[in-house]
Amino acid sequence: MTTETPSITTTTDDIGPTWEPVCRYDDLRPECGVAAYLGGGESAVQVAVFRLADGEVLAVQHHDPYSGANVVARGIVGTRGGEPTVAGPIYKQVFSLRTGECLAASGRSPRPGEPTDLATFDVLVRDGVVHLARAR
Amino acid sequence: MGAQIDLGGGEALKRRINDLGIAVRCNSQTTQMRPRRGSQDVARLDFADGGTLPVDVVVVATGITARDDLVRSAGLATGARGGAIVDEGCRTQDPDVWAIGEVACIDGKVVGLVAPGYAMAEVVVDRLLGGDATVPAPDTATKLKLQGVDVASFGDAFGRTEGAVEIVWADPIGGTYKKLVMSDDARTLLGGVFVGDIAPYASLRPMLGRELPGDPGAFLLPEGTGAPALELPDEATVCSCNNVTAGTIRSAVTEHGCTDVESVKSHTTAGTVCGSCLPLVKKLTNTELVRAGVEVSNALCEHFDLSRAQLFDAVRVAELHTFSAIIERFGRVPEDAAGPGRGCDICRPTVASILASQGNGHVLEGEQATLQDTNDALLANIQKDGTYSVVPRIPGGEITPAGLIAIGEVAQDFGLYTKITGGARIDMFGARAEQLPEIWGRLVAHGFESGHAYGKSLRTVKSCVGSTWCRYGVQDSMSMAVLLELRYRGLRSPHKLKIGVSGCARECAEARGKDVGVIATEKGWNLYVGGNGGFTPRHADLLAEDLSDDDLLRAVDRFLMYYIRCADRLQRTAAWVADLEGGIDELRRVVLEDSLGIGADLDAAMARHVDAYEDEWKAVLDDPEKLRRFSSFVNAPAMPDPDLAWADRRGQIRPATPEDHASGTTLLRSPTAARTDLETIR
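As given, the protein sequences belong to chains A and B, one line each in that order. Each residue of the first sequence is one higher than the last, beginning at 1 in the UniProt record's numbering. Each residue of the second sequence is one higher than the last, beginning at 1 in the UniProt record's numbering.
It is possible that some hints are incorrect.
[Said to hold, decoys possible] Below, simulated EDC-like cross-link-like pairs (lysine to aspartate or glutamate); rule was C-alpha separation at most 16 Å, straight line:
1. B/K626 - A/D27
2. B/K282 - B/E335
3. B/K283 - B/E231
4. B/K626 - B/E616
5. B/K626 - A/D117
6. B/K109 - B/D139
Since the hints were made in silico from the structure, they are not lab data.
Model the full structure from these sequences, guided by the hints.
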């Protein structure tokens with residue numbers, strides 16, 4: 001497990017105006033999620049940010065399309081065939097943390113009008129600070 | 001019993017019952033019940049043959065009869081021995097009235113069994129839909145459970161078919177009697193009677209009306225002495241409650257992808273009513289799995305090839321204390337991977353439970369925090385909107401007026417919805433994750449702990465008030481309930497645990513519907529185990545009688561610890577006891593007679609649990625690192641989730657629905673949901 005702060009975990013251009021700082025890398029614990037609030041009135045969005053065992057940081061939407069509750073950051077982190085995953089805390093769907101894809105729907109459908117998969121967010125860790133980019 | 005077993009069976013049954021210390025008199029017509037002199041109490045029975053019997057209590061059992069008064073008052077005819085007379089379509093004389101089951105008299109007979117009742121229900125449904133189904137010849141196969149005596153019969157138990165031959169195995173010393181009724185060529189099975197040993201019943205009954213392979217007598221020999229293996233034909237009925245055939249069970253495996261008994265049960269409904277066919281369902285399922293080349297696996301998930309019980313022992317013996325070490329040592333490494341992966345939502349909580357059962361400190365300590373299932377992760381019950389409910393522990397359900405007021409004030413101050421739970425506790429709903437520590441702090445100040453109303457652990461000990469107040473109570477069930485709840489609180493197990501304590505045999509605490517049921521007797525406590533409510537209710541089995549307080553605690557200690565060590569993941573005690581090889585007798589040997597020699601080990605494990613118990617919620621309040629988990633947003637730790645909204649229901653909050661949002665119905669916010677400013681690190 002990496003304890004040092006990694007540098008850039010997602011390749012990108014230099015920090016531009018779309019990156020929003022949300023917390024320090026040290027605020028994240030291995031294999032745990034936190035929720036982050038990206039403000040902005042109508043365009044406000046809640047993001048679930050996860051630090052994996054190897055130090056990599058991944059982010060998906062915090063809103064769970066199967067329950068309608070904002071809870072994804074509280075799910076259990078693990079792997080499925082090597083793919084890092086989080087399990088929805090309420091109805092136990094398993095999502096890829098890398099692609100947001102629902103890998104196991106546990107026999108349920110998303111709520112009406114909600115997508116099957118989770119949106120993902122780009123993550124940039126720079127100078128010990130975790131930045132998120134809104135979905136493009 | 002006269003309808004089920006023949007004379008030989010009756011003799012064997014009588015011997016069995018005599019062995020239990022109960023005398024049996026047949027054909028004894030009672031002419032008089034005589035009272036004690038100068039009293040209303042019964043003292044003696046007089047029989048027609050001149051014999052007498054001194055008695056204290058008379059129990060009259062007359063079987064089930066139809067409510068004929070109801071039938072007659074509707075102007076319908078009843079049969080000579082009761083029941084509404086119906087035709088072969090279950091219709092009474094009134095074309096708008098139907099009768100099925102024990103109130104229907106068809107061909108002059110009323111059949112008091114569940115399978116014919118279901119068959120008749122099917123017929124009525126078909127008739128109502130315009131069909132012309134008729135009631136089939138009733139399947140009168142029965143398996144009776146007397147206290148400690150097995151009795152079963154099926155088909156033509158009396159050999160009334162013309163030319164029928166009977167093959168009998170009788171062991172008067174062992175009290176077993178087994179009989180097969182065969183066709184005149186001794187090839188086709190027509191019926192059977194089993195007393196004392198009903199092992200052949202499950203596999204033979206579906207063969208009714210079919211040719212048996214080989215010598216029929218071989219099926220009556222004691223188990224393992226050479227009965228030929230029976231290959232059931234596809235059309236043979238396995239589950240007669242739900243009319244499921246062997247073929248349906250096989251295709252559940254071969255065509256519908258079922259890979260274990262549980263999935264076969266839910267796919268076919270076999271074994272979901274009386275459960276007596278489950279051993280056969282299991283056998284068929286496993287045979288089919290093996291035939292399909294599927295290894296019958298008890299692997300936990302893709303990360304561990306071990307079952308929960310195997311992993312429990314492995315972790316204990318290897319003395320491992322972290323998930324990382326456990327998966328490194330025992331995890332499965334896929335062929336194309338360098339390591340075993342990082343677990344999942346199945347194995348992580350299982351390991352969390354195993355570690356907690358073996359005493360590894362606070363469930364949110366270090367890496368353990370990442371293993372906990374939804375509720376254990378925040379030490380409260382998550383609800384559908386992502387908020388939590390808090391259920392203060394109220395041992396035994398006993399609470400002071402001041403305590404009631406304190407809980408009421410907490411609920412009022414935080415704007416929580418309150419209700420009394422099925423376990424006789426007070427549940428407060430609508431708390432946000434970031435509010436939990438503050439709520440716990442208030443509870444701690446009033447002498448409460450939050451309580452494990454969640455998780456795979458002891459929930460509550462339900463009790464009646466017992467002998468201190470109740471005029472019928474024979475023991476102090478209230479004190480025993482408090483003692484048990486404080487002893488086993490926080491104990492992590494394969495599934496949730498519920499305990500009930502009743503102060504007398506009236507059983508007001510419904511203890512026999514619990515994993516552990518304690519019922520007071522004049523001499524002490526009767527201990528029942530393996531009860532369940534829920535989806536498949538099961539009455540608990542009697543494990544021991546008239547125990548002293550100390551003996552009761554030791555027996556419960558060992559029962560719970562043995563269960564925690566041996567059971568599968570999410571296997572309640574009911575299923576565990578039912579599946580246990582050797583059944584309740586084996587459990588009695590292990591728990592009461594220490595037949596495995598692990599008694600002291602189990603006692604020590606429970607003593608460690610009791611000694612190490614701490615208020616897990618207070619421990620969070622005392623630890624800033626653990627407290628950090630209880631924030632809404634990492635960049636705005638106290639800001640309520642702005643999407644949360646409530647509506648009014650009978651004067652309390654309920655989660656707002658999409659319809660509320662769409663219609664713009666007034667949404668309430670809980671009083672303390674004052675919005676704090678975004679705290680960003682920018």
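Here's how the hints hold up against the structure:
About 12 Å separates the Cα atoms of B/K626 and A/D27, which keeps this hinted pair within 16 Å; it holds. Proposed proximity of B/K282 and B/E335 is contradicted: the alpha carbons are some 32 Å apart, above 16 Å. For a cut-off of 16 Å, the pair hint linking B/K283 to B/E231 stands: about 11 Å separates their Cα positions. With a C-alpha separation of about 11 Å, the suggested pairing of B/K626 with B/E616 holds against the 16 Å cut-off.
For the hint linking B/K626 to A/D117, the alpha-carbon distance of about 31 Å lies beyond 16 Å, and the restraint is violated. A threshold of 16 Å between alpha carbons decides the hint, and for B/K109 with B/D139 the separation of about 13 Å falls inside it, so the pair holds.
In summary, the numbered hints that this structure violates are 2, 5.
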